[in-house]
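There are 2 protein chains.
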Amino acid sequence: MPLDDTRYLKGGPVAARIIAEVRAAAEKAREEGFPPKLVSITVGDVDAVDVYVRNQRAKAGKAGIDFEERRLPAETTAGELEAAIHGMNADPRVTGIIIQRPVPVHIPIKAIQAAIHPLKDVEGMHPASIGNIVYNQLDLAPCTAAASVELLKETGMDLKGLEVVVVGHSEIVGKPIAFLLMSEGATVTVCHHMTRSVAAHARRADALFVAVGKPRLIKADMVKPGAAVIDIGINSETLPDGSTRIVGDVDTDSVKEVASWITPVPGGVGPVTVSILLRNTMVALNRQRALYEATYGTSNRIAAE
Amino acid sequence: MPLDDTRYLKGGPVAARIIAEVRAAAEKAREEGFPPKLVSITVGDVDAVDVYVRNQRAKAGKAGIDFEERRLPAETTAGELEAAIHGMNADPRVTGIIIQRPVPVHIPIKAIQAAIHPLKDVEGMHPASIGNIVYNQLDLAPCTAAASVELLKETGMDLKGLEVVVVGHSEIVGKPIAFLLMSEGATVTVCHHMTRSVAAHARRADALFVAVGKPRLIKADMVKPGAAVIDIGINSETLPDGSTRIVGDVDTDSVKEVASWITPVPGGVGPVTVSILLRNTMVALNRQRALYEATYGTSNRIAAE
Chain V
0 MPLDDTRYLK
10 GGPVAARIIA
20 EVRAAAEKAR
30 EEGFPPKLVS
40 ITVGDVDAVD
50 VYVRNQRAKA
60 GKAGIDFEER
70 RLPAETTAGE
80 LEAAIHGMNA
90 DPRVTGIIIQ
100 RPVPVHIPIK
110 AIQAAIHPLK
120 DVEGMHPASI
130 GNIVYNQLDL
140 APCTAAASVE
150 LLKETGMDLK
160 GLEVVVVGHS
170 EIVGKPIAFL
180 LMSEGATVTV
190 CHHMTRSVAA
200 HARRADALFV
210 AVGKPRLIKA
220 DMVKPGAAVI
230 DIGINSETLP
240 DGSTRIVGDV
250 DTDSVKEVAS
260 WITPVPGGVG
270 PVTVSILLRN
280 TMVALNRQRA
290 LYEATYGTSN
300 RIAAE
Chain Y
0 MPLDDTRYLK
10 GGPVAARIIA
20 EVRAAAEKAR
30 EEGFPPKLVS
40 ITVGDVDAVD
50 VYVRNQRAKA
60 GKAGIDFEER
70 RLPAETTAGE
80 LEAAIHGMNA
90 DPRVTGIIIQ
100 RPVPVHIPIK
110 AIQAAIHPLK
120 DVEGMHPASI
130 GNIVYNQLDL
140 APCTAAASVE
150 LLKETGMDLK
160 GLEVVVVGHS
170 EIVGKPIAFL
180 LMSEGATVTV
190 CHHMTRSVAA
200 HARRADALFV
210 AVGKPRLIKA
220 DMVKPGAAVI
230 DIGINSETLP
240 DGSTRIVGDV
250 DTDSVKEVAS
260 WITPVPGGVG
270 PVTVSILLRN
280 TMVALNRQRA
290 LYEATYGTSN
300 RIAAE
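Residue numbers (numbering that gives the first Met the number 0), protein chains in the order written: chain V, 0 to 304; chain Y, 0 to 304.
Hint data in this document are derived by calculation from the structure and do not stem from the laboratory.
For every residue, glycine included, the Cβ atom is placed at its ideal position computed from N, Cα and C.
You may find that some hints are simply not true.
Said to hold, decoys possible - Straight-line distance between alpha carbons at most 30 Å, and here's what the computed BS3-like set of lysine-lysine pairs gives:
1) K213/V - K159/Y
2) K152/V - K223/V
3) K58/Y - K223/V
4) K159/V - K218/Y
5) K159/V - K27/V
6) K152/V - K109/Y
7) K159/V - K109/V
8) K218/Y - K109/V
9) K109/V - K58/Y
10) K109/Y - K159/Y
11) K159/V - K109/Y
12) K159/V - K223/Y
13) K9/Y - K218/Y
14) K159/Y - K218/V
15) K223/Y - K255/Y
16) K213/Y - K159/V
17) K58/Y - K152/Y
18) K223/V - K152/Y
19) K109/V - K213/Y
Claimed, not checked - What the simulated footprint calls covered on chain V by chain Y, stretch by stretch (three residues with Cβ under 8 Å from a Cβ of chain Y suffice, anywhere in the stretch; the number is not a length):
20) 231-243
21) 283-297
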């Protein structure tokens, strides 16, 4: 089907809406003396990272959020990186901190991620951020998980009582999608590589999320007619002529004839993810601001730079 | 069936085993200069709390863990309580802190719970503790959730690929059970009051956990033959003669004819819960000790009191 088929749940328009909302909030905050700023940390040289960072910088610009890139040499130690993060944690001009992945193998990424103060954890990956979602504080979640849920909401389906199946139980995608949707009233099942029959679960899902990294894992006979299918996989596939293309975890060509909605790959969850990062930045700014104002009062604002 | 029927998954023997394990670890830690100590905080006078505290004190004694009770008057403010907790967070003689519930209505219990340092959070309720479980660090979980999972393990069932249904999606019972079991390889579905058909899910469960607080919600026709049923409900029921008794969320008399294992209420999850609190205390002690030794070295130990 052509990409303008209404069954495609495309990320672009959703991302544009979120970025416009963020821009309005960011401009207001800046006028009030709280300019939002994202700091991106890159360790070493990785070409793929450069692509991400350029994209984040461009989108931040559209959203009215300052973007600063700090590039650290590949030989930076974990201690040096942690010290740099502690400095940013204490710097009131820094709203949010992103660690670009991959990092060199000598950097323990989970420990480093946890060194970011939860109030500046715009990627939503700190254990306390994850725990807060479990406690139904849903406004700051890991970006890909939140983007996937945002796309499901775009269908207009009522989440209360919705039968949801999540294939993939990673800590920052599958599990947070599950908790986000449990809090919205859905009945959620999480499947993974040890599940006896993924198909048996997938077939009864009103909404099916797939995040496992296996090209075309989900076929048409695994999807309930009329379901919404959110494809979070990003896999590189080599064609017979030697060229490569990006495909998801869902066999889109067959599944689109069964599902009522399906996210394309690329162009589905991906574009929304960056917009969620920017929205998380405003959530972080508002929390920092609330703490600041609770501590110092509202009359004594930080001057804009 | 009589209570010595092997289909009953009784909490007593499991609790006794855990307490014996804790006692061995506690004695060793004490000899090495790290005596474990639990501090219980009670705000106001509540008879039900006294029963809990007496039980915790008795079990702590059996496990070789010091137990100190701090009783604060009912008019204690949230700020005063938080200050008391900060003092205990900084006191190296305090291993773990328990806030006894209920607290007076003017105390925001979630905020107070989050004031306990994660390293001393023996109840496993701090958002960071919950987040750590999501990140597969499973040794410190909310006590009731961990006790329920412990009882399932007692059946010897292989958790990998096991079809688990959890009825009830509370933050400190249903959801943590779900991600503890996801991390062990089970396929988990969480149902709740918005689920279209709890029965349809419950009937396909190899292991069924119920924590909703509705007496006899789960009947025999909602249980798969041969399943393990873990009943976490504690409900008070008034009999025709005016006396009361405690019943769970499962209609035990009918379900026991279908299930292969069922936890009695009382005498199932309850006794195990306190033993998990004590085990959590040793996990907390070991984490504090690891931090202490990483900071000061292993030769410079705190003297035993």
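For each hint, the structure was consulted:
1. K213/V - K159/Y: At roughly 21 Å apart (the allowed maximum being 30 Å), K159/Y and K213/V satisfy the hint.
2. K152/V - K223/V: 18 Å, holds
3. K58/Y - K223/V: 52 Å, violated
4. K159/V - K218/Y: 25 Å, holds
5. K159/V - K27/V: 34 Å, violated
6. K152/V - K109/Y: 29 Å, holds
7. K159/V - K109/V: The given pair, whose Cα atoms are some 34 Å apart, is violated under the 30 Å limit.
8. K218/Y - K109/V: Cα-Cα ~44 Å, so violated.
9. K109/V - K58/Y: Distance ~36 Å between K109/V and K58/Y Cα, so the pair is violated.
10. K109/Y - K159/Y: Given that 30 Å is the threshold and the Cα spacing comes to 34 Å, the pair is violated.
11. K159/V - K109/Y: Roughly 25 Å separates the two Cα atoms, so the pair holds.
12. K159/V - K223/Y: Distance of about 26 Å is within 30 Å: holds.
13. K9/Y - K218/Y: At roughly 20 Å apart (the allowed maximum being 30 Å), K218/Y and K9/Y satisfy the hint.
14. K159/Y - K218/V: 25 Å, holds
15. K223/Y - K255/Y: Holds - the C-alpha atoms of K255/Y and K223/Y are around 11 Å apart, at most 30 Å.
16. K213/Y - K159/V: It holds: about 21 Å lies between the C-alpha atoms, which stays within 30 Å.
17. K58/Y - K152/Y: 22 Å, holds
18. K223/V - K152/Y: Cα-Cα ~34 Å, so violated.
19. K109/V - K213/Y: 40 Å, violated
20. 231-243: violated (count 0)
21. 283-297: violated (count 0)
In this structure, the earlier hints numbered 3, 5, 7, 8, 9, 10, 18, 19, 20, 21 are contradicted, and the remaining ones agree with it.
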